[in-house]
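Chains A and B, in that order, give the protein sequences.
For the first sequence, this note's numbering begins at 18 and goes up steadily by one.
For the second sequence, this note's numbering begins at 3 and goes up steadily by one.
Simulated from the structure, these hints should not be mistaken for laboratory data.
If you're wondering where the values come from, they're calculated on a predicted model, not measured in any experiment.
All residues carry an ideal CB built from backbone N, CA and C; glycine is no exception.
Computed list of lysine-lysine pairs in PhoX-like fashion (alpha-carbon distance at most 25 Å, straight line):
1) A:LYS86 with A:LYS116
2) B:LYS72 with A:LYS116
3) B:LYS73 with A:LYS116
4) B:LYS5 with B:LYS72
Part of the chain A face toward chain B, derived, beta carbon under 7 Å:
5) ARG58
6) LEU65
7) PHE119
8) LYS121
9) GLY122
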Amino acid sequence: SQQGEEDPQALSIQEGENATMNCSYKTSINNLQWYRQNSGRGLVHLILIRSNEREKHSGRLRVTLDTSKKSSSLLITASRAADTASYFCATDDINRDDKIIFGKGTRLHILP
Amino acid sequence: DVKVTQSSRYLVKRTGEKVFLECVQDMDHENMFWYRQDPGLGLRLIYFSYDVKMKEKGDIPEGYSVSREKKERFSLILESASTNQTSMYLCASSFPWDTGANVLTFGAGSRLTVL
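If we strip away everything but chain A, and leave its shape as in the complex, we get (with noise of 0.2 Å):
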């Protein structure tokens, strides 16, 4: 079953521009975490948030995490050319947390 979903499913904005990904998930989580994917390769791991935190920061990514709406945003501000590629969340089951099941993703393309 499919844990995470991401909103939209895709998203084209102007270099320059902020970009904002949600992801919904349906069980209690220890972690979330945020990958990004370049077309036909693998992913690459951005950011984790555990569960009792509620906002982190990396370079031009900010994550937060809403556990009781059990809901992540990702913006990405001051996007750039090379950050089209596909992002995804991932998230592990509270009880179950060596396994991590991935959202359908959202497609983002920075136009020049």
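Please arrange chain B on chain A, whose structure you already have, making use of the hints.
Structure of chain B alone, referenced to chain A:
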């Protein structure tokens, strides 16, 4: 840096063939995973392993089996390939004890076409 290597980048097989997808990681990671990725469906977990000779079913294990005889190697086996197993297969590994979480390192993927 941890490296996860998938033996074949592209494979073409015929229906009914037995297919082996190999994955090797070089950093002594405990956990290893196999996912398949299909358009519109995202990544779906097939099998994972948290130790040598240990395996657990993911969400879509039907038609697949796995082998983990050595810590660094996790093989995905399609006993009798079918056309609906045409997909991108992604292997990943993790070592949760340093971060307290399963941060996955992925291989580049193996694109399998079953004719």
